[in-house]
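Novice: Okay, here's what each chain looks like letter by letter:
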Amino acid sequence: MKLSKLYVLMFIVAAFYNANGQEFLEGRISGNFQFEAQTSKEDEKINADKVREGVLSSGFLNLNYNSSSFDVGMRYESYLNPILGIDSRYKGNGIPYRYVTYHSEDIEVTAGDFYEQFGSGMIFRSYEERSLGIDNAMDGIRVKFSPLAGVRITGLVGKQRYYWEKGNGIVRGADFGFSAAEILGDMWSSDYNLDLGASFISRFQEDDDVFYYLPENVFAWAARANLSGSWFTLNTEYAKKYNDPNANNNKSYSQGQGIIISSSVFGDGIGFSAEVHHIDNMDFRSQREAQKTDLMLSYIPAITRQHTYRLPSMYPYATKLNGEFGMQFDFTYKFKRGTFLGGEYGTTLQINYSQVNSIDTTGIDKYTYDSKLFGIGDDLYFRDLNLSLSSRLSKDLKASFTYVYLLYNKDIMENEGAPFYGDVTSHSVVADLTYKLAQRTAIKGEIEHMWSSNDWQTEDRIPDNLNGNWIMALAELTLNSNWFISVFDEYNYGNDWDDKQIHYVKGAVAYVHETTRVSVEYGKQRGGVLCVGGVCRTVPAANGFYLSLTSSF
Amino acid sequence: MKIIYMTAILAAALFFAACDEVEAPYQPDASELINAIGPNNKNVLILEFTGWQCGNCPKAHHTVHELEKLYPEGHIVAVGIHAGSYAVPFDGPDFRTEVSTQLEQEFQAGLAGFPIGIVNMKKIDGSFLAYVSAWEKEVFKEAILEKQVDIQLDAKYSNSTKEIKVNVAVDYLQPSLSGSNLSVYLVQDSIIAKQKNDELKPPMVEDYVHMNVLRESFNGVWGVPVNASSNTREFTMNIADKPDWKPENLRVVAFVHDYKGTREVFQAVQTKLTISE
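Sequence order for the protein chains is X and Y.
Heads up: the first sequence runs through residues 1 to 553, numbered per my numbering.
Heads up: the second sequence runs through residues 1001 to 1277, numbered per my numbering.
Bound-form chain Y, shown alone (with noise of 0.2 Å):
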């Protein structure tokens, strides 16, 4: 009897001892599934935490800008998060805002370790924060789904007041989601300032170009409800106090989000503001 035990495990050990092995070539050619999406897929929202004294940051930075170049235009809305430890301006910038600190606080992204972020605000094995790593595979499953929730986003700035007026208009193109939050942020391009990048000997950079970065959001960090029957939000910010805003240079990211729920982005756009005198 214990010979027949003993063959028994045997063979379900050789059994369980399964492998498989990849041959060259390893990457598949994606850019058919790529060029498949359009205007009815969803955006996906990278909420990307960063700071200047972040060395490997950089690597991310690189990485969200590979995925906006890969997707359709538009197609990836980044928001670069600068809190925490890494962020403590010392004889660097300072970008920090309060609206990154609650961030870094809700998620604990800081405890993960940077660079980190969230993938349209789902949770991915259990855990809202992602490594750079998972974004390419993540952000794909997100963008391949078809757009739950439609947003018009509008967003003028004039010269002569400085003041920024934004215009949001949600179409619950499902019906269930009426109710959802809309966040609605400014976040700048280019800005030229310190960083650390681990790659590099010596690794500070001077004049690094900064992108995505999070000034301010127009209506809290977790924004507002929406219904399908008011759907309509104008927002104003007044930007006279802040000469380093560039306002070529500045971008209003609008996101739909189950705020009171699991979360989830259900869409999010940006646009530049057009700029008057």
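Chain X extracted, bound-state conformation (with noise of 0.2 Å):
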């Protein structure tokens, strides 16, 4: 029988199947489509490439039902070709996902296809990202089950999405969940909750090297604790990676470890957190060959900020699995309204700072290397420092203004750590004002500057598109709730090239009615590194059309 048959068949047994007396009726049909295509013609000052089949596009469908007892679901992708800085292994198209669930009151069984995240997600997290072409799901059998109030254990088996394959390895991993509240009912006081967790996830891969004995099964655990009250959060987990060399780590036998610390105080208008994280050889994949963003087990984001404006975002910050001390502290308060700084509507002062440096380590022999938890290294990463002031000025009027200081490590973050680029540093201001025309029409505008310099300037020096100085400004129009218009003009006036110097400009429309949206750009997209949740793609430079078709149901 063919695939696509089987599934029709799941659906119709699904839709059929008379669990506990009840009709098939009882459960809902929902889904939701996503649509995109791009263009993009040679445009050699931007390092754009013409793209040979005129038209690239990327889309899927999700199609689930839901029963009390059952869940059914699929989705269908096509990516004919993939569009600009998505895998050229999407081309073609199927369907790579499919699922089963049965769920009853205190158990629940998946067969096929899920996602699925265990404590942070340090040593296993399965999820899709589209805007980064991730999608790690894990197609195996999962068990979810609560024995008791406030107990979870959840235990899986499969093997992770590797485009239209599946990785080499067998993933094995069980979690367990206690949170004290629900077990001790009123024996717990009321004023906090305290979550304690435990997860393991073993990596089973046939070695077939005949030039180094490598561990055939690869084992990881962590333990969590999170405490919350009413003004504060403790959360933190620590991870241990049994030998694992691999693609990433240089073949390296030492084991691996890593400790997240996050904690958050908040009161009646201020807040302030801190995180620390120790991150040491914990590169953890379904299969020991896979690179880049394949077949990521680990899951351990960004320990500094994710800018949304456009120009401080030139120069995101990846986590580096393979070593890296990190943390981050934020503060917030809020002016109150009729103060001198609050203003009539009150004012909210943002600050952020967060610093990533290398960890301490010490080479034993070509296989091992020493280091020790929270051990820093010299070599600095990154460093931001940026705070926002955002007011409403008057009724109709609301203004944010920010700035943002970056330090760059170039080497570490684009050349695999080898000295030759050296260090960009970056001082952002931005400017974001909305002001209400009607009722359900609005006018935003945006200006970005970015002060930017970098130690490269060797005679070595290979034109690029991104150095120098920056400028950026940004309209966009609320007609109405369905229809919105915008236009960006970024314009590298500082580029060391005078040819360089270019004006990459781009407008945009899109309509909206109830779930469906539809939005066609036109204009010129700069290279570089797009990044969600702390992992990082390089998109290419593209100068053409963009259509986005997406709706639910």
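Simulated from the structure, these hints should not be mistaken for lab results.
Only a predicted model underlies this, so the values are computations on that prediction, with no experimental measurement involved.
One or more of the hints may lead you astray.
Chain X residues, not near chain Y, derived (Cβ > 10 Å throughout) [stated by the list, open to error]:
no., residue
1, 47
2, 139
3, 165
4, 168
5, 226
6, 268
7, 372
Listed below are the simulated DSSO-like cross-link pairs for lysine-lysine, each with C-alpha atoms no more than 27 Å apart in a straight line [what the hints assert, rightly or not]:
no., chain 1, residue 1, chain 2, residue 2
8, X, 251, X, 410
9, Y, 1042, X, 292
10, X, 91, Y, 1122
All C-beta atoms, glycine included, are put in the ideal place defined by N, C-alpha and C.
Hints in hand, dock the two standalone chains.
Specialist: Below you can see the structure in the form of structure tokens.
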């Protein structure tokens, strides 16, 4: 039987299944759809290549049937051919994701594809991030069980998605979660919550390498504790991974470990949070040869702020899983209305600082090294100091002003640590104003400027499209709740090469109706790095149209 | 009943918590396995995507060189494909060719990031592209296979006519492979030119020795089909207008591959030019 017929049969069986004597019509069908198309012509100035196919397109349709006892679902995907920035190995179309889930009061069983995360994800997170072309869904069996109130157990086995194939490794794991408040009931003070958890992951991959003795079963475990009250949270997780020589850690046989500690306190109009993490040899994948964003098991988001403004986001940070020590502090204060700084409507001040360093390691031999928990290395990878003030200046005018200082170690981020580029230092300022013209009509204006300098000033320098100062202006008009028009220009006026001082102008029109959104963009897109949650992908430059259609039902 | 469930899940979790700890020595002596490889085994074609601006590429060049030393002579057939953004000349050498560019575009090697290669044009886990860390293992997997095709290759160069004349005879040891494509490339060794090497400081090396540089193809990127019944081909190329192509450093690479099917390379051979007046 062909697979597509099997999926249709699955739906029919699920739809007509008479669980517990109930009618199938109790269930509901839901889903969502997305389609993107892109053209690009050759533009030597911005390093954009002509799209050979004329038009590139990517799309998917999720379809789910949910009833009281069963859920059935699948996703059709099409990449003909993948849009720029999405890995060419997605080329093709088909149904890579399908599942059946049975659930009762205390047990849930899924067969097929599923996403899952244990704790913060340090040793296991199976997820999709379409904008980066990441989908490491598990294909296998998952059982979730709650034997007692406040106790949650998850067990799973499967293989991860690898474009249109599966990775070689078999992933087995279990997670145990305990909620003190739920378990102890009245015996527990209701002012606090304490959640404890532990997870285990083991990957099996055959050792077919004649040049190395490789561990076929690689094991990792993690333990976590989260305490929270009405005015604070304290979260911590420690993880350990046993010897896992792979393509990303230079075939190191050393053990890996990681710890994340984060805490926040908050009160009336004030909040403070602090986070530190120490990551050492925690690149864990379901196949030891996998690289880039392929077949990731571990997920450790960047400990730095993810900037949404265009110019500061030009130099994003991605977690260095082989080793980094990071810290981040965030302070928020709301000046009350009627005060000097609070004005008529109140003003919010946010200050954020983060820094990431190397870790201190000592090589033992070609295969192993020694390192200590919280041992901080001398190399500075990244530093970010940013502050923003946002306020409503009048009944119809909202304003936000932001300053961002960044130090970006380009060698670490883009050159595998080899000394070549040095650091990039940038200072950005952003003014973001939104004026309400009518009930559903508003105009937004944004001006950004970035002063940027870099250490890379040798004779051998190769022209690039990023260096130097930038200015950006954006205007966005919300005509009503359906129509949106925007235009922006990013101008690299400070590029060290005159012919690279380019305006990247782009215009967009979007139409929204209920759950459907259509947008068309046209213009120049600078090449760069796109990051989501500290995971990044290089996106090439483009010059052309981009169409997007999304809908859900 | 719930206790039984819980115990079963705990037992399953512990059962899955398998862990192997490897202790030194971490590498076996593989020389015996390598020494067993002989003339009846398949040669291995490495298509290496590279560029003079690619600072990590010298590591890959080194890996190729180490593999060439490790295996019997002629067993590793390497072709360096200079293409994509790392090969744009600016003030460096321009080793790009139409063939290189087409190969890079076909396999989208630039998107995956240089250095990257293709071993005997076989897919590894769904992709033709293999990172350098995988080459050693993948080359060995291919090198222990018995060859299915024999290729006799002869290449002559005349100093007076500046012409390269290549004769190729394909012998299908496995008759079902008849009709496979034959590609014949020209590569050059020992070119002294600029190369970025991130392991050095400063990283730009002015007199780097470039090996295996793909210069041209005798019969297009993908070659031509060759049947068992008509198994010889002759190619010529005049290089009078290529003063930098030193005949003593040129090599001809010929390989037979399943162009219309899996693309797998069945055999690859190489020879230096026999130079005459």
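Novice: May I ask which of the numbered hints given earlier this structure violates, with the numbers listed in increasing order?
Specialist: Numbers 1, 3, 4 and 9, in rising order.
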